[in-house]
Every structure is written in structure tokens, then in C-alpha cells.
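Chains as they are written, first to last, in this note's numbering: chain A, 4 to 368; chain B, 36 to 568.
Quick caveat, the hints were computed from the structure, so don't treat them as lab data.
Careful, some of the hints might be misleading.
[Claimed, not checked] Computed Cβ-Cβ distance ranges for the label pairs, DEER-style: (1) B:Asp195 <-> A:Leu30: 45 to 53 Å; (2) A:Leu16 <-> B:Phe154: 35 to 43 Å; (3) B:Arg405 <-> A:Phe86: 16 to 24 Å.
In this text, a Cβ means the ideal position worked out from N, Cα and C, and glycines have one as well.
Spelled out, the chains give:
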Amino acid sequence: MSAPAKLPRWAELGLLPLLNLLAALVLSGVVVKILGESPWVAGQLMLRGALGSQEGIGYTLYYATNFMFTGLAVAVAYHAGLFNIGGEGQAYIGGLGSGLVALWLGHLPFFVVGPCAVFAGAAFGAAWALVPAWLQARRGSHIVITTIMFNFIAASLMTYLLVNVLIKPGQQSPETREFGAGAFMPSASDVFAKLGVTLAPSPLNLAFFLALGAAALVWMLVWRTRWGYALRVVGQNQDAAVYAGISPPRVIVQAMLLSGALAGCLGLNELLGAQHRILIDFPGGAGFVGIAVALMGRNHPFGIFLAAVLFGALAQGGSQLAFDLPKINRDMVVVIQGLVILFCGALENVFRAPLAAVFGLKGAK
Amino acid sequence: MSGQPGSATAPGRNFAAAPGGGRTPSVPALELRGIDKRFGAVHANRTISLSVARGSIHGLIGENGAGKSTLMNIVYGFHRADTGAILVHGAPVDIHSPQEAIAAGIGMVHQHFMLVENFTVLENVVLGVEGGPILARGLAQARGALQKLAQDYGLDVPLDTVVSELPVGLQQRVEILKALYRRAEILILDEPTAVLTPQEADQLFQMLRRLRDEGKSVVLVTHKLREIMAITDRVTVMRQGAVVGEVATAATAPRELAEKMVGRAVLLRVEKGLARPGEVLLGVRDLEVRDRLGVARVKGVSFDLRAGEIVGIAGVSGNGQSELLETLAGIRAPTRGAITLGGRDVVREGLGPHERRSLGLAHVPEDRLRLGVVPSFSAADNAILGYHDRAVYQRGLRLDQRAIQAECEKKMSGHDVRPAQPQLRIAAFSGGNQQKLVLAREIDVDPRVLLIGQPTRGVDIGAIEFIHQKLIALRDAGKALLIVSVELDEILGLADRILVMNAGEIVGEIARADATEEKLGLMMAGVKGEGHA
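Between the sequences and the hints, there should be enough to build the whole structure, so can you do that?
Pasting the structure below:
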């Protein structure tokens, strides 16, 4: 039969992704070799860059924070049967919301600005997802198309705002003035310093813990509440949802609002946590990496956490690599990311059959 | 296959070239020796031996999950047997794939057709055996061969019609033609009548008899006793993966077969007393329903459903019964008319499925896998579908997993759902057990009115008996039941009053005592009946 082979649960969730990852890394090594560098050295550099120091780990988790927000956004939509490609635009506009709050209220203490920024980021991100959601729910316009369109609209809108409206007077680069100190998301090293633990400085900040909280919340909502039940019924079988008295259009809109809100929180980490101003293209593709993260994490919050850390490590280790080895540049890092996505996403079943055969042999005799 | 399908002689009759060579009638067309197959812990086939004589129709009967489909999938190359041999016309064959099965002269008609819906009949038949890169030539040859086949076996199909425009019965005929065109000598049909009306089934049987008389061998896989008795020459009974008997059909009786299948004595018809109808619980007046294209599917239907009675809606599938049921349940909106439930006009008030449930309406849908369950969910999660916002399942903001689990366990033991594992995916249960769980879900909320579509579709005999008894017990408890079924036997066995639908209208109403299959058949064909409401 052509049905996918069944594997033991631990192999399905642990061994298979690991094999896929390994294949991607081996192939990346071949590319590095072709470029004339030693894959072994490159691998060591990447690993050390990402996880070899407190600073490296800090950067890795800082990147992972962005990917967790966007990955969770993709997952929530996925469970309602929707493919939200618009995480990038929702993150961009959500960041605008958080950033505006930070600009206006930055003179107030953080415990006032912080919650306002969280709320504004979520609200702006959700609002950006609302139109595609409404079009899908009421008019049947395909959400993949509309969310892609909204990414472009978001990019154009933000360029206009940053170049013409929000730009700090008297400078060339399209970015705002620095936020007031009250709008700085407390950094991890500051927080731990208060607890008497000294950490090396890195952009890792409180938003990381917000992302963890968001992951727990998503798990709770999707698998443990009435709303999540309705969400999953709509995602799996819309006819059965109607039979059960659940309104698919309503659930679709609600799911997309939550999805957009999660993506919209990216600015908390990127702007309030690290850049301390709004600048052009700050999501930097995290909205799209979120798709890969959700895919690899099987749309489960815990899997998304692991995948986000992996992609965070790739981003951080890759920067280190490009810095240390002259023949390898930023684009090589994108190649490695691409290979990971290829093997863990598109080709995820390549090793399934051989693996099943190995287990089958053991099981039969 | 590799041969030229469009050769000068009609494919099916080219015996000399068929595998096996010179055969004598005493050599069976298909013989299975000691076929054994395990799927992990499940022993699906236990050393099965089976022999199908040439020019005969051989029935293979057993309950859902008895291993019939596994066995046939082994013969057709979908699965490999762990041990055992397959012989075609006396010669051992090694079948790894459907292609090899076809090459060995074995054709299979699946329950769910394998047709390209937007291709014509001719294009579907030649698909995979086009006979060369120039399509026109292959099609012309095929046309000739198919016309010959149509003559020989009475298999008339409009060759240039797009498959999706054909009725189901004709689509099935295309599948048979496909197999014959590929020179099948042995034809396996898996539950062929599951999608057919009684008339279409009769036509199919005539066709199969003709194939048999022309020397083909037919294996009919079914769980319906009536079909076995009507058409087979010999019958093999399977239970729990093993053959428990093989007899000449003429030498057996339905009751004997049923007992072999189930492993105990069964009632083929459930006993019930007289109905004592009470007050009207569901009133329908002048209901009209149109589909998306604006075609009227239900036309001016009116009837009353009373407490303590079972009203059956008979009719050939596709005459508006499904639309009527879905409209009553609130899934479709009518274009005209009134539905009174618990003293309120639910149409005018715009009440949906959810509100109608709270007014005491329960609905067991016809299409279980599309409407009644979420196949990827566990049994426990399915056991609350539609009732997931009831207070008993809530704990604060969360769903109370323990209460849901306990409720599912209660339903499983109360309605004999097996295996009693609430966390198992519902898709892993047999059709009968899925249906028992859906029924349990809809009954356990103590509704006043029950709408039940195809109560026993895809359900095995043991479970049919159980479900029918439940339904009659509900009637005797004063519930009002509306049953839609395309199985006339079922309507006659359960209903106290029968409404017959044809082309969206109720063409007649008849009390059970006055109903005969003949009278109902006439009404189903559109002849207006007595006492039309």
C-alpha cells in the first residue's frame, strides 16, 4: 500500500526529524567543501558560535524568540485548516503598533509601557490579519493569496511611514528616533543580575519568556478549551463543524485574529528588546522562517520551541561562520537554512520507508 | 499490462492467449493455499484456503473486519501474504502489484471507484493501456473492442460521456469494462451494491450472470446475505480472519450463514409491538429546499411526526431525502415552508443546529464520515461533537478531560462499542462501532425527536440487530423517530408509517401493515400512492 508507513512514536517525533536534519547538514558540508573550506572546521565554528558561549546562546535564543512568535502564528491558523503565509506582514504591522506605543509612552516606567506595547502589537497584528480572514470566511478568497498580498501592502505602507512620517528629522536612514528608556524590554542579563547571576551581554530579553508563555497559552487554548475544540473540528472537517452547530466563518476569523496577534508580538523582541527604534524591514524574513518552524515542529508548541531554537542557532552560528571564514558569506547561511527546510519540510518522508523497514525487520522476527 | 489491448479479437474472449494456457474445467480459476497475513499484532488472515471454479460466482461473506478485504487485496497485489500461494488456472503466480494481478488475468472493482471523473468513459478505459504515443489510434481500437464487449456481455455504456455525468450504476459498469478490456478472467467485486439502488443492483446481478455464463469467474465480496443468496453459486464465510465454512449456496439458508458469520444465533428481523402515537413533536409544512444551483431538491413536503412512532422515509437514493434530513437538522436552510419543533417555528426564528439540539432534536447523519464524526479525532473527542459546550464538560475555562473520558467510557459500555478505548482514533473503529458511538452520543442526551439517516449503512449484522433494538426501545419510550433509509428491508422492519419520496416530493404515505415491497417499489418509481397526505 502507498499509505505512509507507521513508526513508533519516539522515532516519528525524534529520530525522523533528526535524520532529516543530519542529511541537510551533510549536504551543507558538501557545499562548504566545494567552496573550498573544511566542512569540519565550518561545523565547529557554527556550533561554537551558536552554543559555545553565553553570548552565543543569548543570540541564539534571541533569534529563536522571533521564530517562536511567527511559528505559533502559523500553527494556530493551521489547526483551523488555514495556511497563513502573512506572518511577515502581520509581524511588521504588529511591530509598528508596539513601536508607536514605545515612542509615545517611552518616558513612563516599563510596567506601564510594556503591557501597552504587548496589547498594541497583538492588536495591530490581528487587525492586519482581519481583512484576509474576513475575505476567506465570507467570500471564499483564498487566504494564501490574500495574506501574501498583505505582506506586500505592509512592506509598502511601512516604507512610506518610515520615509515620510516617522523618520527622525535630520537623518538619511529610514528609522525613528530611539524609544524612551521606559520602553526598553528588560534584557536577560539585567534580569539575572538582579537575581545575583551574571550573564554575558546579549540581545536576549524578556520577550523570550513572553514567547514561552505564548507557547503554553497556545497549547492550552488549542488542546484544552472549548474554543480550541471548535477550532480543530473546523480545521479537520468543516461539514462536521456545521453539523455540530459550530460556525466555520466565525472560527476562521477568530483563529486568524489570534494568529496575527501572535505574529504581531515579534516587535516586542526585535524593537523593544533589541533595536529600540522602528526601522525598515525589521522582521527580516522571520515571518517566513516561522512557516518552516511550524512545519518542522509539527504545529505543536513544544515542537515549535525546539525548531525555533534550531533555526535561531542556524542564524547565529551562520553569522559567526560568515564572520570567520572569508569564502563563506551570509548567503551560504541562507543555503543551509534552505536545506534544512527542504529536508525537514518538503522531503520529510524520504527516510520514513527505510526506517520503517528497519523497524519492520525487528518486529517480524 | 504489456500486450496490445486493441488486437483484432475481442480481448476478453481470447482464451488461448490468456495466462494459464490449456485449461480444463476441473482446474479452479483461482486458488488460494494457506494464505496467512499479520499486521503487527493483528492476525488479519489465518491460513486461508479458497478455490473459485471457472465460470462460477463465488461469494465471500463476513462481517466488517473479518479479513475479506485483506484477502482480496493480497490477491490483487496491494498486500503481500506472509505465507501461502496463489494459483491462477492451476499455475502458481507471484503477485507484487496490481499490474501483475492484471497481467495474471485478475480484475478488481473497488467499492470506491478508481475513475478520472472529468474524462470520458473511453478515456478512462484506455488509461494506462493507451497502446502507443498517438492517442487517436489507441482510442479508435479501444472503441471497437469495447463495442464488441458491450455486445457480448450486455454492458452498454455511452463511450463519449464524461464519467461524472453518469449515474453510479453506470460508473460501476465502466469499472467492469476496464477490467474486461484488460482481459480479466477473474473479476473481484468489493461490496459492489453499497452504492447502488435496488434496481441498479438487480442490473448488476444480471450482468454478472451473463459474465459467468460466458466463462468468467466472479468473486463477490459482501456482507449482505440477500446478495449471496440471490446470485452466488458457492459461498465462503469468514470470521475473525479465518474461513469458518464453505458451502454451495443452494444448500444453505440466510440464517445459517448469518450464524456462521457472527458466531452466534442472530435475529434477522427485530420483534416489535404496536406503536402508540402521541402528540405531534415535529411538524413540517410545505417545505421547499433548493441546492446551490437553485434546483429544487425538496418540493412542498408536509408531514407530522408524533411521539412514540417511527416514520420511515423510503425512496431511491438521491430523491431529496438527504436534503430533507439536513434541512430538518438545521444544516441547510429551506427556501420556503415551516418546521415546528417543540412548539416553535425554527425556520422563521432562524434557529441553527445548536439551538435545535437544545429544543430536543438529535440527528444521526447519513454520511457518518463527512458529517457525523471528525475522523482524525479520538473516540472521546467525537463523543462530545455538537455537545462540547454543555456545562458538564467544562471545568473553568477548560474542557474537563476526565469528564469527557468518563462519558465516552460510559457510552462505550452502554452501547457495546469495541474496542472500548476512548483515546483511539475514531477512524480505527469499524463502521458499526462508529455508528454505535454516534448513536450513543445522540441518544444519551435524551432527545424528544431523533432524525436518523441510514441507521445501518456500512454496519455489520451483529451491530444491525443491536441498533434496531435500540431504535425500537426509543420509540417505546415515547420518542419520535424519523428514519431515512435506502434499504427497503430496514424501513419495513422498523417503521410504523412509511412516507415515500420521489423527485423531492412525498408521493405517498402508507401504514406499515398495508405496505408491501411491491407497493413501495411502485411509489418509489413515482406512481402516486394511496392516502397521499
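Status of the hints after comparison with the structure:
About 51 Å separates the C-beta atoms of B:Asp195 and A:Leu30, a value consistent with the hinted range of 45 to 53 Å. Taking the beta carbon of each, A:Leu16 and B:Phe154 are about 41 Å apart, inside 35 to 43 Å as hinted. Between B:Arg405 and A:Phe86 the C-beta distance comes to about 22 Å, which sits within the given range of 16 to 24 Å.
In the structure shown, no violation is registered for any of the earlier numbered hints.
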